[in-house]
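A.B. asks: Start from the sequences and build out the full structure, keeping to the hints where you can.
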Amino acid sequence: MYLEVKNLVKYYRKNVPIIKKLNFSVKKGEIISFLGESGSGKTTFLKCISGLEKINSGTISLNNIILNNSNIFIKPQKRNIGFVFQDYPLFPHLNLKDNIIFNLKFKYLKKLDYMISLTGLENLLTRYPHELSGGEQQRACIARALIREPDLLLLDEPFSNLDSNIKLSMRDEIYKIIKETNTTTILVTHDINDSLNIADRILIFKAGVLQQYDDPVNMYCEPANCYCAKVLGDLNQVDVNGKTYYIRPEKIKIVKESIHKVIVDKCFFQGKEYKIIGKLYGYNWHFFSKKPVKKKELLNVDYSSEDLIFFDSMCNNFFE
Amino acid sequence: MEIKNKIFYLENKRWIIGSILFAILLLLPIFTLLYKLIYVEGNSFKYLLENILLDYSFNTFYLILITAFFSLLFGIIPAWLVSIYKFPGRNFLDIVLYLPLAIPSYIMAFTYSDILSYTGPIQSFLRENFYNISIFFNQDYLQIEVLGIIMALALYPYIYTVSRVSFSLVGANYINVSKNLGLSSFKTFYKIILPLSRPAIFSGLFLVLMEVLNEYGAVKYFGVNTYTTGIFRAWFSMGDIGTAIQLSVILLLVVFSIFYIEKYYHSKTKFYYKTNSTIQSLGKLNRINKFLAISLCLIPFLFGFFIPLIFILNNVFLTFSSIDFKDLLQLTYNTISISSISSFLIILIALFFLFIEKISKTRVNYFISQSISMGYAIPGAVIGLGLIILFAFIDNFFSSFTFLGSFFILIYAYVIRFLAVGKSPIKSSLEKHPESYDDTGKNLGLGPLKLLQKIHLPINKFALITAFIVTFIDLMKELPITLILRPFNFDTLATQTYEFAVEEMIPLSSIYSLMIILIGSVLLLFLKNIINKQVNVS
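Chains A and B are the protein sequences, given in the same order.
Letter 201 of the first sequence, counting from 1, is numbered 201 in the working numbering, and no numbers are missing.
Letter 502 of the second sequence, counting from 1, is numbered 502 in the working numbering, and no numbers are missing.
I should point out that these hints are in silico values taken from the structure, not numbers from a laboratory.
Just so we're clear, the structure is a prediction, and the values are computed from it rather than from any experiment.
Yeah, the Cβ is synthetic: ideal placement off N, Cα and C, and Gly gets one too.
There's no promise every hint is true.
[Said to hold, decoys possible] If you anchor each label on the Cβ, the simulated ranges turn out as follows:
| # | chain 1 | residue 1 | chain 2 | residue 2 | range |
| --- | --- | --- | --- | --- | --- |
| 1 | A | K230 | B | S257 | 52 to 58 Å |
| 2 | A | S70 | B | L457 | 34 to 40 Å |
| 3 | B | K263 | A | N7 | 39 to 45 Å |
| 4 | A | K21 | B | I394 | 55 to 61 Å |
| 5 | B | F403 | A | L125 | 39 to 45 Å |
[What the hints assert, rightly or not] Take a look, some chain B residues computed to stay more than 12 Å from chain A by CB distance:
| # | residue |
| --- | --- |
| 6 | I16 |
| 7 | T119 |
| 8 | F232 |
| 9 | H266 |
| 10 | N334 |
| 11 | N443 |
| 12 | L514 |
C.D. replies: Structure representation (structure tokens):
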């Protein structure tokens with residue numbers, strides 16, 4: 001494996017660990033999405049990988065070289081890991097070109113033109129950071145990280161400061177650049193759409209613990225627990241024979257006659273279909289309809305028992 | 001194992017050890033004073049307690065109270081008017097209201113005692129034109145209350161500066177909401193802007209209080225017995241070093257109490273509010289209120305700068321023929337060179353400590369940074385006494401060389417006293433930049449020195465210039481340390497002004513005062529220009 005993380009523990013106060021025994025590995029050229037809620041320790045994790053934070057126990061190794069364990073700590077300056085920070089920190093006293101070539105080894109200078117054209121920054125080289133838009137700043141940060149041919153690229157919430165129009169195009173652009181340069185990448189995000197669009201594998205992280213590490217399709221169809229299931233999309237709860245099951249909205253059909261009758265609370269247009277929110281057996285249900293329905297209307301719905309997902313009793317705690 | 005782990009995780013160890021050693025050097029005079037206190041005879045303290053302590057304490061606190069009250073009045077009201085309203089002359093007043101910072105308190109005291117004296121212009125004019133009224137004005141003006149007001153006129157810019165920035169930075173949204181909730185402009189100021197600005201105002205007031213405690217020239221001239229004059233008297237006039245040490249330690253206790261009250265208050269009342277992203281629109285006033293606003297802003301400027309300057313200029317013209325220009329040139333050179341060298345060193349040392357605090361992020365370095373900042377709160381007389389006792393001891397080991405009376409010891413004292421002045425603008429500038437600059441720098445391969453050289457020096461250059469100027473102005477005005485520790489035959493503009501004034505030759509001292517004011521004013525105007533570029537105050 002290219003990147004190996006074994007039993008990683010990180011805390012600032014011993015009794016409140018941020019990361020508890022994290023284990024996972026990444027193949028060369030893979031894009032991994034590290035998905036978790038705000039404040040869950042995602043950025044701290046990236047800082048541990050890049051050497052900006054030291055780990056408390058465990059091992060991080062990259063390309064068979066140990067970066068950090070209880071005896072070894074390779075300084076961030078020596079790791080050759082590219083890091084694109086959330087707030088696009090371009091140095092304000094340098095123009096865009098000087099920011100990209102900042103402290104750059106001579107051997108990489110020949111890649112400048114290629115990297116600038118790849119990131120579409122040709123006409124902005126003499127501009128200062130305050131003269132650039134959020135998207136341009138972000139592309140400059142990516143160019144600055146990639147020109148050094150990093151062994152690993154870390155992207156910390158790269159789309160969180162962008163408005164929705166530019167975000168979609170930026171996401172596609174970044175994916176193209178990373179794949180073109182075959183750079184192993186860890187993308188930290190709290191947005192599932194970013195993960196589904198870019199990642200080869202998704203790592204779901206909650207309360208300092210890895211919940212599931214799998215490819216997007218498996219994760220959606222076979223979630224390890226209800227937290228992972230919920231993260232990837234809406235779930236509807238239903239009790240069958242005294243057991244609690246869950247079902248995805250798209251698995252629910254509107255029928256003419258059924259024993260399951262939903263009272264509609266809300267119906268709104270979502271582009272292709274109408275999304276309906278209603279009550280069934282005291283639970284909030286979400287599903288789709290081709291036609292609009294009125295509030296308080298009674299709808300007959302049905303589903304196949306094969307589509308029901310069952311989790312253990314811990315599930316209720318996750319949704320709280 | 002735990003300790004081994006902690007040391008393993010500690011970054012930049014060599015820098016941290018260096019900063020600890022350097023901090024000990026800076027705090028050495030204070031440790032010396034505390035150590036010497038043990039050897040002072042018990043009878044000496046009994047004498048102090050029974051005879052002079054009460055008088056000194058009362059005068060010191062009474063003077064603090066009067067100066068604080070008038071400084072707040074002269075500082076807050078114009079800052080509010082200039083920040084919130086539009087009126088003729090607003091931009092001009094905004095610039096000149098800073099200028100009293102260029103006049104040291106002792107020059108203000110000498111000048112006003114001359115203006116108000118029996119032979120001064122006011123009483124002479126009244127005697128010639130309104131004899132009956134002139135009898136009423138024939139008073140002894142060398143009173144503690146008058147001194148308090150005069151010092152407030154010299155020191156209010158500390159409060160004006162912080163209030164002005166703070167009032168302008170309170171987000172326009174808060175003001176719009178309070179207006180929408182039906183509050184008048186005054187109530188908006190009183191209930192929203194003032195409470196949000198309280199920590200800033202208190203930090204300005206803290207500087208005023210420290211200046212009052214440190215003041216020697218003005219207080220001595222007015223014959224008011226405070227702790228600082230008491231230290232000088234006990235030490236130089238009576239040769240009683242024991243009483244001087246005891247008074248210094250009492251003064252240190254007072255200063256540290258105020259210092260910690262300020263820190264405690266600041267931590268309890270620090271608000272995290274949204275600052276202005278757009279320039280706040282200014283309120284309009286009717287004709288009467290415009291006149292009132294102009295008058296209220298003019299009062300501190302006229303009495304704190306214009307009138308003393310005119311009086312000093314008049315004295316300079318009257319004594320023009322007796323001015324020794326060669327001497328003036330020499331003293332100006334002395335003042336500029338010693339202030340420049342010291343300011344440069346102070347900025348370097350301040351940057352050293354702040355940078356280590358930033359990159360190490362340890363509690364030790366935070367504590368060091370706080371401790372060395374206390375130097376500004378320690379009066380010059382106390383630092384002087386501590387250094388003389390320390391170096392008298394060290395000099396015994398070096399028979400061929402003596403530190404006492406050298407530039408080294410003078411600059412050493414300046415560094416202890418004014419390090420906090422140099423630190424302040426650099427610290428606030430460093431705090432403005434996101435942590436990710438450091439992280440990016442490290443990620444791109446920069447070590448600590450290169451990080452400082454390639455990122456922090458260029459992006460904080462305005463803060464460094466600001467720090468240099470404010471330190472330079474303070475050093476140029478400094479009196480007690482220079483009087484105590486200057487090398488033999490070395491005079492500055494400040495010491496010469498003081499020496500003429502105590503010899504009752506105020507007109508002859510005026511040219512030296514004028515020089516201080518001119519250099520200070522030019523630098524302040526330059527500084528204001530820099531600050532305006534940096535802070536988007538409306």
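A.B. asks: Determine which of the earlier numbered hints do not hold for this structure and return their numbers in increasing order.
C.D. replies: 5 and 11
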